[in-house]
Amino acid sequence: MTVIVVLLAAVVALLALLVVGLLRSHAEILKRLHELGAGLDDGSATASAAAVGAAGDGPRPGRDFQVMPQMPSPPEREGFGGVADLVGTGPGTGEAVSLRVTGVEHDTIVAFLSSGCTTCQRFWDAFRKPRKLALPAGTRLVVVTKGAEAESESSVAKLAPSAFTTVMSTQAFADYDVPGSPYFVQVHGPSGRVRGEGTGPDWDQVRSLLGQAGADTALADRLAGDVVPKPDADAEREARIDRELFEAGVEPGDGSLYATPSEPAADVPPAAGPDPRD
Amino acid sequence: MSLPTATAPDPAAERGAPLAAAGIHRDAPATGAAPLGRATFAQRVVQRFSDALAGRRSSRRSFLTKTAVVGSALAVGPLDFILKPGTAYGYLCGTCTDGWTAFCCTVNNGRNACPAGSFVAGWWKADNAAYCCGSARYIIDCNATCPTQCQCRCGGNSCDNRRTCCNQFRYGQCHTEIACYGPVVCRVATCVPPWVYDKSCTTTVRTDNRTTDHGAPCLTKDCGSPIAKKYAALGGPKGIMGALVQAEHAVGDGRGRRARYRNGNIYWTASTGAREVRAGRLSAYTTGGGPTGPLGYPTRDTFTSRDGAWLVNDTQYGRLLTHKSSKKSYYLAGGIFYKHQSLGGLTGVLGRPMGNQRRAKEGRSLCQDFAKGRIYVLDWNWAIVAIHGKVYDAHQATGGVTGPLRYPLADQVASADGRGGHQSFEGGRIYHSGAGAHALRGPILDKYLADGASASVLGYPKGGHTKVGDGAGEYVLFENGGLWSSPASGTWRVHGRVLPWYLARGGALSDLGYPTSDLGGTGPQGRVQEFQHGSIAIAADGTITVL
Amino acid sequence: MRLDSHGITTDLPAGWEGRIALRRSPDPAGRSGFETRSPEGVGPTGHPAEAAFPVAHLANFPLPGDRGDFGSGAVDLMTAEDALVVLAEYGPECAGTPLFSHRGLPSALRPDMFSGSALQRAIPGQAGTQIWCTVANRAFCVYVVLGRQANANRLLPQVRSTLSATRISAR
Numbered sequence: 001m002t003v004i005v006v007l008l009a010a011v012v013a014l015l016a017l018l019v020v021g022l023l024r025s026h027a028e029i030l031k032r033l034h035e036l037g038a039g040l041d042d043g044s045a046t047a048s049a050a051a052v053g054a055a056g057d058g059p060r061p062g063r064d065f066q067v068m069p070q071m072p073s074p075p076e077r078e079g080f081g082g083v084a085d086l087v088g089t090g091p092g093t094g095e096a097v098s099l100r101v102t103g104v105e106h107d108t109i110v111a112f113l114s115s116g117c118t119t120c121q122r123f124w125d126a127f128r129k130p131r132k133l134a135l136p137a138g139t140r141l142v143v144v145t146k147g148a149e150a151e152s153e154s155s156v157a158k159l160a161p162s163a164f165t166t167v168m169s170t171q172a173f174a175d176y177d178v179p180g181s182p183y184f185v186q187v188h189g190p191s192g193r194v195r196g197e198g199t200g201p202d203w204d205q206v207r208s209l210l211g212q213a214g215a216d217t218a219l220a221d222r223l224a225g226d227v228v229p230k231p232d233a234d235a236e237r238e239a240r241i242d243r244e245l246f247e248a249g250v251e252p253g254d255g256s257l258y259a260t261p262s263e264p265a266a267d268v269p270p271a272a273g274p275d276p277r278d
Numbered sequence: 279m280s281l282p283t284a285t286a287p288d289p290a291a292e293r294g295a296p297l298a299a300a301g302i303h304r305d306a307p308a309t310g311a312a313p314l315g316r317a318t319f320a321q322r323v324v325q326r327f328s329d330a331l332a333g334r335r336s337s338r339r340s341f342l343t344k345t346a347v348v349g350s351a352l353a354v355g356p357l358d359f360i361l362k363p364g365t366a367y368g369y370l371c372g373t374c375t376d377g378w379t380a381f382c383c384t385v386n387n388g389r390n391a392c393p394a395g396s397f398v399a400g401w402w403k404a405d406n407a408a409y410c411c412g413s414a415r416y417i418i419d420c421n422a423t424c425p426t427q428c429q430c431r432c433g434g435n436s437c438d439n440r441r442t443c444c445n446q447f448r449y450g451q452c453h454t455e456i457a458c459y460g461p462v463v464c465r466v467a468t469c470v471p472p473w474v475y476d477k478s479c480t481t482t483v484r485t486d487n488r489t490t491d492h493g494a495p496c497l498t499k500d501c502g503s504p505i506a507k508k509y510a511a512l513g514g515p516k517g518i519m520g521a522l523v524q525a526e527h528a529v530g531d532g533r534g535r536r537a538r539y540r541n542g543n544i545y546w547t548a549s550t551g552a553r554e555v556r557a558g559r560l561s562a563y564t565t566g567g568g569p570t571g572p573l574g575y576p577t578r579d580t581f582t583s584r585d586g587a588w589l590v591n592d593t594q595y596g597r598l599l600t601h602k603s604s605k606k607s608y609y610l611a612g613g614i615f616y617k618h619q620s621l622g623g624l625t626g627v628l629g630r631p632m633g634n635q636r637r638a639k640e641g642r643s644l645c646q647d648f649a650k651g652r653i654y655v656l657d658w659n660w661a662i663v664a665i666h667g668k669v670y671d672a673h674q675a676t677g678g679v680t681g682p683l684r685y686p687l688a689d690q691v692a693s694a695d696g697r698g699g700h701q702s703f704e705g706g707r708i709y710h711s712g713a714g715a716h717a718l719r720g721p722i723l724d725k726y727l728a729d730g731a732s733a734s735v736l737g738y739p740k741g742g743h744t745k746v747g748d749g750a751g752e753y754v755l756f757e758n759g760g761l762w763s764s765p766a767s768g769t770w771r772v773h774g775r776v777l778p779w780y781l782a783r784g785g786a787l788s789d790l791g792y793p794t795s796d797l798g799g800t801g802p803q804g805r806v807q808e809f810q811h812g813s814i815a816i817a818a819d820g821t822i823t824v825l
Numbered sequence: 826m827r828l829d830s831h832g833i834t835t836d837l838p839a840g841w842e843g844r845i846a847l848r849r850s851p852d853p854a855g856r857s858g859f860e861t862r863s864p865e866g867v868g869p870t871g872h873p874a875e876a877a878f879p880v881a882h883l884a885n886f887p888l889p890g891d892r893g894d895f896g897s898g899a900v901d902l903m904t905a906e907d908a909l910v911v912l913a914e915y916g917p918e919c920a921g922t923p924l925f926s927h928r929g930l931p932s933a934l935r936p937d938m939f940s941g942s943a944l945q946r947a948i949p950g951q952a953g954t955q956i957w958c959t960v961a962n963r964a965f966c967v968y969v970v971l972g973r974q975a976n977a978n979r980l981l982p983q984v985r986s987t988l989s990a991t992r993i994s995a996r
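Chains as they are written, first to last, in our numbering: chain A, 1 to 278; chain B, 279 to 825; chain C, 826 to 996.
Honestly, the hints are just simulated from the structure, not real lab data. Quick reminder that beta carbons are idealized off the backbone N, C-alpha and C, glycines included. It cannot be assumed that every hint is accurate.
Dumping the calculated DMTMM-like pairs for lysine to aspartate or glutamate here, alpha-carbon to alpha-carbon at most 25 Å [stated by the list, open to error]:
1) Lys-516/B x Asp-125/A
2) Lys-605/B x Asp-125/A
3) Lys-516/B x Asp-405/B
4) Lys-507/B x Glu-865/C
5) Lys-740/B x Asp-724/B
6) Lys-132/A x Asp-901/C
7) Lys-477/B x Glu-526/B
8) Lys-516/B x Asp-836/C
9) Lys-516/B x Glu-906/C
10) Lys-516/B x Asp-901/C
11) Lys-158/A x Asp-405/B
12) Lys-158/A x Asp-891/C
13) Lys-605/B x Asp-647/B
Just the calculated beta-carbon pair ranges, DEER-fashion [unchecked claim]:
14) Arg-24/A x Ser-932/C: 19 to 29 Å
15) Leu-18/A x Pro-982/C: 52 to 62 Å
16) Ala-299/B x Gln-121/A: 26 to 36 Å
17) Ser-436/B x Arg-849/C: 50 to 60 Å
18) Arg-827/C x Glu-105/A: 18 to 28 Å
Could you build the full structure based on these sequences and the hints that come with them?
What follows is the structure, given as structure tokens:
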């Protein structure tokens, strides 16, 4: 009886240890999520969006990084008015559809396709096999074609994959200033920013490009968040050094400021040409 | 259909009046307790497990809820309903925790109608239902009248153990003059349009195809002809046959009927029943003449061969096969099919078919190729003969039916000594043994047969006919001797110790020439053998002397 | 975001999206011409006399493409923070009948109006309510599902806002 009690106590202690460990790990995960702006508090999304907005003075991830060299970056496309939610109709059903792309938890990949373009067919086929797409976790794929006035509705209905929503909307093409089909835009749901955009010959390429753009976005966000203001003492010291150099005749841009430390003056034979300091 | 007995709502005692003023007419108080009071231990465990996985932190991306529900179905549903999707009308059992309501025939003493204390309150449609032989099926909800008298519980059937009197939900197309309603007591399944079933029902349609395959053991439906029933049992338009392409019609031979579908046909006769033939096997069947050809009507639905490599349909007089990995299909009909079967079938000496029946190139037979041989049907006597193995290879090596051996006359015969056998051809014989398979013909074969063939001192041939260098004759070597033949000398045997001596001397090209006799009996000089240009004697001690 | 179809108009609040659909009536002739119909005249997708009326699905979570009229397929994906509003219209013969006697769309939804049993299919944790009403002489069932009953106080303001922003115009 005593043995059983002791054994049970040991098991309980072990389980308690496990629970504590799990809770600690959970806390650590929550902390990391918060740092990434995906915290669980209602305020955290707003805070992270604000933080991102504050970093807008710096590089704009997904906008200033050219995803495909041959595609112009969005800032260069005059007609781009910013990410917009999608409103249109379902193909073949006449269903009125409105889809949220901004201000939502999930990211959205908007795939602009058409029923007639040859390259688009590869994407229509790929979207029929949702498990093989390996979409990033928490990402929604939406297919957009132009409206019935510019597209064959019956053709789009035949092509539309059953696993994803297809919207016919000429307005969406205008809102996103889509240069042509196929074209893909990845939108960060909470902030409504474009994480990446571009095109490619097949889905694997596009996914790879969008994934790279997403990684760049994360890096830029982290860099922006890591900017630390200098202590006052360091700033004062730098100012004093600048004054002393200037008084000694060493102005900004002076060549002596750029001499490489690996050039020992006495051991190296003189250069063949004139001394640049003469 | 007569209207159900509806209990008029009691205005004085109408509970939930404030809710009703807001347009909410469900009977109050809500009977939302999980109906597990009478559930089995297994059901309660599964319910808790489902709640733990899905109820507290459900995620739209979590598949754990669905897994738990499937686990529930497996825990309580009879195995035959779960493991035989083609049985009956492909219905699916339900559990007490899957959230749906039981069918009326389960809880109403077998009657597929609203029980007392309930009324027809609404309906929805599920498309392409096998229960309705491929037509849409209508589910009519029987909601409890107010005040609710029943209690939320499990249906209690081993298959349709769904809940009863739990879900306070109404579809609302029927009896809209009755505002107050209790929970759904049970569901009526019908192929009759609801507005025909109950005159109070309007034609406003609500659709939910997730219930298409819901069923219960007490739900049965006669779907018409044997072909129609078969089609329904195979899942109807959503099943393996796919959508109907051509309605059922007579084949035209006075015996059978056929219906065409996207993925195959279903054939029926009184003696063979309704059988499906699909995909590549249907193409092979058509190539082989279909039901009015040598194959006859199919007698068995698609099944898998024992080794798992083939999909097969049996017919009255043959078989249809599809090789799974190569996806090639063949037919075996009539005598060829029976011969193949007698020789072990797919795993026998002939192996798998490599093509369908065809006319042999020189036009005197039908034949069919197999991996390790061929079967011929001879035109002149309808004999069905198989060649296989080493004999087949040797026959092919001499030119097959266009070579000197021409057609086989009979199957292989095994020798009495168990060491080999032979097969007879129009132009000779092929003997096979451990020494290989070799053809014999002409005078050499005649002499071999006269001497006793493989039972003679010679044994089995070790090689084929070989021309002698002088062009005058030929010889064949056997295990224990040889036969030499030329028009001038005749055909004679050299064997025993004489053979190696003769061969070492140069054989027929030696100074002795061709033999002109067999080795004779014992004489004063020993045993003597005559040759064209001399004779030899072999003494008792084995010494060979040229006389 | 504005959604407008079949006389149903709604300005969806932030984070909400929607669909307004009208199912196609069964083709009397059958799509392939070879479809068999039952003796009762019912084909694979129903009877030609069935009357389809628009159904709106409004939600604060991504709606899947395949949904039953009362949200099956979508409710299976709901989390504790999600809400679904279904506006299902019925035929004109239903307008004003006792079941549909309430006039106007519901505006003052309260947590006590919801129940875990008032669902098309009971899903643990979820709660629903059906409100039957007549608006602009059109009969509707408003079916609201909350992903988690305990979150009603947090979810209902969004639902009320969505319904307040919805207008039904006469046919």
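Okay, the hints, checked on the actual structure:
1. This hinted pair checks out: Lys-516/B and Asp-125/A have alpha carbons roughly 22 Å apart, not beyond 25 Å.
2. With a C-alpha separation of about 24 Å, the suggested pairing of Lys-605/B with Asp-125/A holds against the 25 Å cut-off.
3. For the given pair, Lys-516/B sits about 10 Å from Asp-405/B by alpha-carbon distance, which is consistent with the 25 Å threshold.
4. In summary, the hint linking Lys-507/B to Glu-865/C is supported, as the alpha carbons are separated by about 17 Å, within the 25 Å threshold.
5. As the CA atoms of Lys-740/B and Asp-724/B are separated by approximately 17 Å, the hinted pair is consistent with the 25 Å bound.
6. With a CA separation close to 23 Å, the supplied pair Lys-132/A and Asp-901/C stays within the 25 Å bound.
7. In summary, the hint linking Lys-477/B to Glu-526/B is not supported, as the alpha carbons are separated by about 34 Å, beyond the 25 Å threshold.
8. Restraint check: the Cα-Cα separation between Lys-516/B and Asp-836/C comes to about 39 Å, which exceeds 25 Å; the hinted pair is violated.
9. Of the supplied pair hints, the one linking Lys-516/B and Glu-906/C is violated, its CA atoms being roughly 36 Å apart against a limit of 25 Å.
10. Between Lys-516/B and Asp-901/C, the direct Cα distance comes to roughly 23 Å. Compliance with the 25 Å bound is thereby established for this hinted pair.
11. Distance check on the hinted pair: Lys-158/A and Asp-405/B sit about 20 Å apart at the alpha-carbon level, within 25 Å; holds.
12. Proposed proximity of Lys-158/A and Asp-891/C is supported: the alpha carbons are some 15 Å apart, at most 25 Å.
13. Taken as a hint, the Lys-605/B and Asp-647/B pair is honoured in the structure, with Cα atoms around 18 Å apart against an allowance of 25 Å.
14. Here the CB-CB span from Arg-24/A to Ser-932/C is close to 47 Å, at odds with the stated 19 to 29 Å.
15. Remark: the range hint 52 to 62 Å for Leu-18/A to Pro-982/C is contradicted by a beta-carbon distance near 40 Å.
16. Between Ala-299/B and Gln-121/A the CB atoms are about 57 Å apart, so this pair departs from the stated range of 26 to 36 Å.
17. Separated by about 39 Å at the C-beta atoms, Ser-436/B and Arg-849/C break the suggested range of 50 to 60 Å.
18. At about 22 Å, the CB distance of Arg-827/C to Glu-105/A agrees with the hint of 18 to 28 Å.
In summary, the structure is inconsistent with hints 7, 8, 9, 14, 15, 16, 17 from the numbered list given earlier, while agreeing with the others.
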